[in-house]
Amino acid sequence: MSQQVLIVIPAYNEEQTIANILMRLRRAAPEFDRVVVNDGSTDATGNIVAELGEKQLRLACNLGYGYAIQTGLKFALKRGYDIIVCLDADGQHKPEDVPCLVKTLDESGADMVIGSRFCNNRPYKTPFSRRLGQLLFSHLTRLLIGRRIYDTSSGFKALRATTCEVIVQGSFMDFHAETIVRLSLLGFKIVELPIMAEERTFGHSMHSFTSVYHYPLKTLLLTIVAAMDALLARRTR
Amino acid sequence: MSVQGIVIINLLGLGLIMLVFNLVRIRKLYVGYGVIWLLSIIGLMVMISFPPLLSLLPQVVGAVYPASALSLFAFIFVFLVLIFISVQLSVLSTRQVELIQWLALSELLAQEQDQQNISQDDNHEEV
Chain Y
1 MSQQVLIVIP AYNEEQTIAN ILMRLRRAAP EFDRVVVNDG STDATGNIVA ELGEKQLRLA
61 CNLGYGYAIQ TGLKFALKRG YDIIVCLDAD GQHKPEDVPC LVKTLDESGA DMVIGSRFCN
121 NRPYKTPFSR RLGQLLFSHL TRLLIGRRIY DTSSGFKALR ATTCEVIVQG SFMDFHAETI
181 VRLSLLGFKI VELPIMAEER TFGHSMHSFT SVYHYPLKTL LLTIVAAMDA LLARRTR
Chain V
1 MSVQGIVIIN LLGLGLIMLV FNLVRIRKLY VGYGVIWLLS IIGLMVMISF PPLLSLLPQV
61 VGAVYPASAL SLFAFIFVFL VLIFISVQLS VLSTRQVELI QWLALSELLA QEQDQQNISQ
121 DDNHEEV
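So the sequence lines, in the order shown, correspond to chains Y and V. Going by this note's numbering, the first residue of the first sequence is number 1, and it counts up by one from there. Going by this note's numbering, the first residue of the second sequence is number 1, and it counts up by one from there.
Everything labelled a hint here was simulated from the structure, so no lab data went into it. Since no wrong hints were added, every one of them can be taken at face value.
Cross-link-like lysine to aspartate or glutamate pairs, in silico, EDC-like; alpha carbons within 20 Å at most: (1) Y:Lys74 x V:Glu98; (2) Y:Lys189 x Y:Asp82; (3) Y:Lys55 x V:Glu107; (4) Y:Lys78 x V:Glu98; (5) Y:Lys55 x Y:Glu31; (6) Y:Lys94 x Y:Glu198; (7) Y:Lys103 x Y:Asp82; (8) Y:Lys74 x V:Glu107; (9) Y:Lys103 x Y:Glu31; (10) Y:Lys218 x Y:Asp229; (11) Y:Lys55 x Y:Glu15; (12) Y:Lys189 x Y:Asp106; (13) Y:Lys78 x V:Glu107; (14) Y:Lys78 x Y:Glu165; (15) Y:Lys94 x Y:Glu15; (16) Y:Lys189 x Y:Asp229; (17) Y:Lys189 x Y:Glu165; (18) Y:Lys78 x V:Asp114; (19) Y:Lys94 x Y:Glu54; (20) Y:Lys74 x Y:Glu54; (21) Y:Lys55 x V:Glu112; (22) Y:Lys94 x Y:Glu31; (23) Y:Lys55 x Y:Asp33; (24) Y:Lys74 x V:Glu112; (25) Y:Lys55 x Y:Asp82; (26) Y:Lys78 x V:Glu112; (27) Y:Lys55 x V:Asp114; (28) Y:Lys74 x Y:Glu165.
Every beta carbon over 10 Å from chain Y, so not counted as near; a handful from chain V, in silico: (29) Asn10; (30) Ala63; (31) Val64; (32) Asn123.
Cβ atoms here follow ideal geometry from the backbone N, Cα and C, with glycine treated the same way.
All chains, full assembly: derive it from the sequences and hints.
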């Protein structure tokens with residue numbers, strides 16, 4: 001493959017899983033570059049990544065998932081990568097699926113491929129509140145773009161650089177439903193690829209008790225803003 | 001309002017003006033915000049010192065009592081100030097994020113450049 005691919009791995013206090021993820025990535029996708037975005041980790045994540053000799057973007061303090069991803073995307077754009085894959089460091093995504101995701105992006109001609117945990121009724125255990133949020137945003141997305149995206153909050157996706165340029169500039173939270181709606185309404189092609197995912201066994205989820213309620217509201221607001229933005233952009237074209 | 005009330009409010013206003021001046025002087029308040037607060041304090045003092053002005057307010061908003069009209073204006077003012085402060089906080093927050101990202105990107109790009117230079121030097125030595 002002539003295209004340059006970068007795997008962006010946002011990590012916040014993932015000392016238990018990061019080494020495993022990186023080693024598996026080396027085996028599964030040796031031809032792809034990797035960069036870990038160390039989102040102000042206070043544990044040994046940074047040291048482990050450095051010991052493994054992997055590239056690391058060290059954020060001076062914890063900016064949150066969305067900004068960590070944005071930093072990785074900015075790096076990819078600066079370095080001129082053609083395809084960017086985002087992969088969570090908590091071990092729920094299988095690094096072995098990365099080549100498949102990139103292949104799907106290539107073959108389908110899509111602008112973004114989402115590794116979907118819920119597509120085709122895949123069994124994936126998730127707390128009821130989160131599943132409810134998933135369903136809400138899945139249907140909201142269908143309402144806004146006219147087709148259903150089953151996993152709007154998947155952190156496992158592959159994008160083309162041209163797609164990254166659009167989403168890095170726009171308003172975002174975690175590059176979830178708001179990004180899907182923005183891209184779809186702007187005419188970008190989005191494809192879902194069913195994947196098997198595991199629940200995290202180490203560390204903590206980025207969703208605390210309060211953010212379980214705060215997160216959907218913020219994403220809802222940003223999704224509506226993204227829809228307005230995209231519609232205005234289409235009008236001015 | 002009684003003369004005593006007007007005097008007390010004006011004294012309080014003068015105290016607040018001194019406070020704003022001092023905050024600007026010791027650089028704890030940005031001069032732009034200082035101007036906003038000074039104008040609003042002076043506006044309030046003028047309004048209260050001249051009762052005919054105060055009685056104009058209820059007519060403008062269709063209120064029965066001057067106090068309720070004043071409360072409405074105060075509420076609108078506080079609301080606008082809060083929105084303004086939220087905007088300023090968001091701007092600062094965005095700038096902070098951009099700065100932190102720039103630092104991280106610069107560090108990695110510099111590291112890559114160093115490694116490239118070292119490997120180039122090694123190649124020269126081998127040749």
